[in-house]
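Colleague: Going line by line, the protein sequences match chains A and B.
Under our numbering, the first residue of the first sequence is numbered 1, with each subsequent residue one higher.
Under our numbering, the first residue of the second sequence is numbered 1, with each subsequent residue one higher.
Just so you know, these hints were derived from the structure itself, not from any lab.
Beta carbons: idealized from backbone N, C-alpha and C, even for Gly.
It is possible that some hints are incorrect.
[What the hints assert, rightly or not] One-sided excerpt, in silico: chain B residues whose CB lies under 8 angstroms from chain A:
#1 W12
#2 Y158
#3 A172
#4 G173
#5 A214
#6 Q292
#7 L315
[Unchecked claim] Beyond 12 angstroms from chain B on every Cβ pair, some chain A residues (computed):
#8 V7
#9 W22
#10 P25
#11 V78
#12 N167
#13 M178
#14 V190
#15 F197
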Amino acid sequence: MSGESTVRDPVTNTAGDESFSWTTPSPWVRSLLVRNLPLRRLLPDTEPSYVSSMLYTMGVLTLASMLVVIISGVVLAVGGVQWWHTSTLGASVNSVHFWGVQAFFLFMAVHALASFFTMAWRGGRGFTWVTGVLAFLLSVVTAFTGFLMLTNWDSQYIAQQAKDAFNAMGIGAVWNVMDVGQQFTLHVVVTSGLLGFIVLIHLGQIRRRGVAPPPGAEHLEVAEDSSATPVSTPREVPEPLAAAVRRPGAQPPVPQPVPDRGSL
Amino acid sequence: MTRQRTHPLRHWTGPERKYDLLFEGTAAVVIVSVLVVAAAIIFGSADGGLSYPGGPPAKPGTAFTAKYWATSPTVDDKGKSDPSGGAMDFATTVVTELDGSSATATYGPPFNNTAGVSQHIGRVSLAGVAHSVFGLTQPINTAKDFVLAPLGAVVAPYDPAVSSAVRQYQGAGGSRLEGVAADKLISDQQAGWLKAYTAALAKGTADNGKLTVAPGDYGPVPTLVQAELSIARSGALDGYLTSSSGTQLTTNPYKSTMFFSDGTLWSTIATGQGLTGDQYGVMNELWNYPGQFWLILYALPYHIPAIGTSAAADLWVGTLIVIVGMLLQLALPWIPGLRDIPRALPLYKIIYRRYYRKSRSNT
Chain A
1 MSGESTVRDP VTNTAGDESF SWTTPSPWVR SLLVRNLPLR RLLPDTEPSY
51 VSSMLYTMGV LTLASMLVVI ISGVVLAVGG VQWWHTSTLG ASVNSVHFWG
101 VQAFFLFMAV HALASFFTMA WRGGRGFTWV TGVLAFLLSV VTAFTGFLML
151 TNWDSQYIAQ QAKDAFNAMG IGAVWNVMDV GQQFTLHVVV TSGLLGFIVL
201 IHLGQIRRRG VAPPPGAEHL EVAEDSSATP VSTPREVPEP LAAAVRRPGA
251 QPPVPQPVPD RGSL
Chain B
1 MTRQRTHPLR HWTGPERKYD LLFEGTAAVV IVSVLVVAAA IIFGSADGGL
51 SYPGGPPAKP GTAFTAKYWA TSPTVDDKGK SDPSGGAMDF ATTVVTELDG
101 SSATATYGPP FNNTAGVSQH IGRVSLAGVA HSVFGLTQPI NTAKDFVLAP
151 LGAVVAPYDP AVSSAVRQYQ GAGGSRLEGV AADKLISDQQ AGWLKAYTAA
201 LAKGTADNGK LTVAPGDYGP VPTLVQAELS IARSGALDGY LTSSSGTQLT
251 TNPYKSTMFF SDGTLWSTIA TGQGLTGDQY GVMNELWNYP GQFWLILYAL
301 PYHIPAIGTS AAADLWVGTL IVIVGMLLQL ALPWIPGLRD IPRALPLYKI
351 IYRRYYRKSR SNT
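Please take these sequences and the hints and turn them into a complete structure.
Modeller: Here it is as structure tokens:
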């Protein structure tokens, strides 16, 4: 726990350095969030100038598509699995859902390619890449289960064909792609929920670490607070709160060149 | 005790520009919404049905049913229509469900215990492992589930001849256990009836749903197949197949899907619509609409001759997807060579061209 000399933020009541406790974990969680996701990172006023490229809008366009897909999907779910076959409104909402998914994958594909060719994993951003790939894989599964609950010939044939791969991999024993009810719950609850969770982590990673600088400019990215250096007990940490809430540019930190290690 | 924070917050000390995330997010949602709604209005979306080139007209959004199957005309390779083609295909398939030669009866786990048919690489069969752990999770006895049980439930109570035929057939042996192996499905006597009837049916007719074959020793088989065809044509068989065990509604029509897919008409429609594997069907599922184009990684390996012609094609493709499509992608930042491709193919110089140009001019 922090000592008496530690300065606490009156809003979050944390010094940013609380230790974990099984019985009172809340201070540690507050500390973790304040330290890693300060509001100045979540809602920044500036961004590096190199981010001014259309390619960097692909991520937010993917997210916007996802929002359209979720909203139209909720309406379709409320209408019922077969609503879109019998209602003009349902068919229209289905069309929005369908094109939202197409846009989602298109933007995501460009986002993934841009991330690959800019080596977006550099500078300790490997986990951001991992969560992005996981989001892509979960998106594929979510779209797939959506196609399996169309309740028409298309879904019948897709399911009948897909079962062979699932059975060959041993998955088919528990994941019966011909079971429309199972696909509905997987699509609406399980895979969508997991995807939303992974996307949240992905976004958190991006807000925390920022976008990787252009190759050759890594040295312009410097550690922001004193915790970059080894610290002992929290009592010995000098002004952790001040570091946690310091506005970028208000008190420029001592530049600490980050060596270009080529990858991470 | 000391701790080292591996990845502290870092701050970009180079040139910046003004930015507001909420504004950007709102603008993105508006732009995407407009684009998507416009696409929805202009193009609509597919509601795939059963129509196919040369086939009979069918409403959009329909599913394959026993009634459609048993009443549908078919078209041969020369474009000649056969009004009783669907009925004959249905009757022929019913016989294969009884004698255990259908694709479903010989599939193996998770549908039945037919041995030695699961896909394997070397001695590794993941389907076999799943079978050992979970057992038969979707058991099917093709003779009972597709023919004898529906006839017993739908026709036999009202038709003494069919009731008698069902009793005679069941009295002749064969297993009615769920998931029984194909070779346990029929007795020698039943095999004799079915073999003779199969040959006769190949030369028979099915005018207006009435099967006619040359006289022979077929036992009760002609009565069973005719009754099955009749309830299929009336729609009663669909009512049976889409209900469950008689106590719940079903949301799991796996048995009917497997039954339907054993017929020839099923694949005829798929081929006509360009949905089969060799037509990249997995990405072409919605007629002229884009399908799941993101599944190209899954579709491509089937077109590698060594894989596509393998008896374990699905297992090979699944394994490749796990290794290449999942593990390699996830671990890419840590794999020397792969992670260096962008340095060998430096597209980032184009992406960051304005930044680099400005940096050079400043220095």
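Colleague: Please verify that the nearest CB of chain B lies beyond 12 angstroms from A/V7's CB.
Modeller: holds, 18 angstroms
Colleague: Could you check that no beta carbon of chain B comes within 12 angstroms of the beta carbon of A/N167?
Modeller: The assertion about A/N167 is violated, with a minimum of 5 angstroms to chain B.
Colleague: Please confirm whether A/P25 is truly not at the interface, meaning its C-beta sits more than 12 angstroms away from all C-beta atoms of chain B.
Modeller: holds, 18 angstroms
Colleague: Any CB of chain A closer than 8 angstroms to the CB of B/Y158?
Modeller: Not OK, violated: B/Y158 not within 8 angstroms of chain A, min 30 angstroms.
Colleague: Can we keep the B/Q292 interface hint, with Cβ of chain A closer than 8 angstroms?
Modeller: Holds, about 6 angstroms.
Colleague: Less than 8 angstroms between beta-carbons is the criterion; does B/L315 satisfy it with respect to chain A?
Modeller: holds, 4 angstroms
Colleague: Holds or violated: is the Cβ of A/W22 farther than 12 angstroms from all Cβ atoms of chain B?
Modeller: About 19 angstroms separates A/W22 from the closest Cβ of chain B, which puts it past 12 angstroms; holds.
Colleague: Mind verifying the non-interface call on A/V78? Its CB should be farther than 12 angstroms from each CB in chain B.
Modeller: With a cut-off of 12 angstroms, A/V78 remains clear of chain B, as the shortest Cβ separation is near 18 angstroms.
Colleague: So, B/A172 near chain A? Judge it on the closest CB pair being under 8 angstroms.
Modeller: Where the cut-off is 8 angstroms and the nearest Cβ of chain A is about 32 angstroms from B/A172, the hint is violated.
Colleague: For A/F197, which was marked as not at the interface, is the minimum beta-carbon distance to chain B over 12 angstroms?
Modeller: holds, 17 angstroms
Colleague: Would you assess whether A/M178, listed as outside the interface, keeps its beta-carbon beyond 12 angstroms of every beta-carbon in chain B?
Modeller: With a cut-off of 12 angstroms, A/M178 comes too close to chain B, as the shortest Cβ separation is near 4 angstroms.
Colleague: Let's test the interface hint: is any C-beta of chain A closer than 8 angstroms to that of B/A214?
Modeller: violated, 35 angstroms
Hint compliance for this structure: hints 2, 3, 4, 5, 12, 13 are broken, all remaining hints hold.
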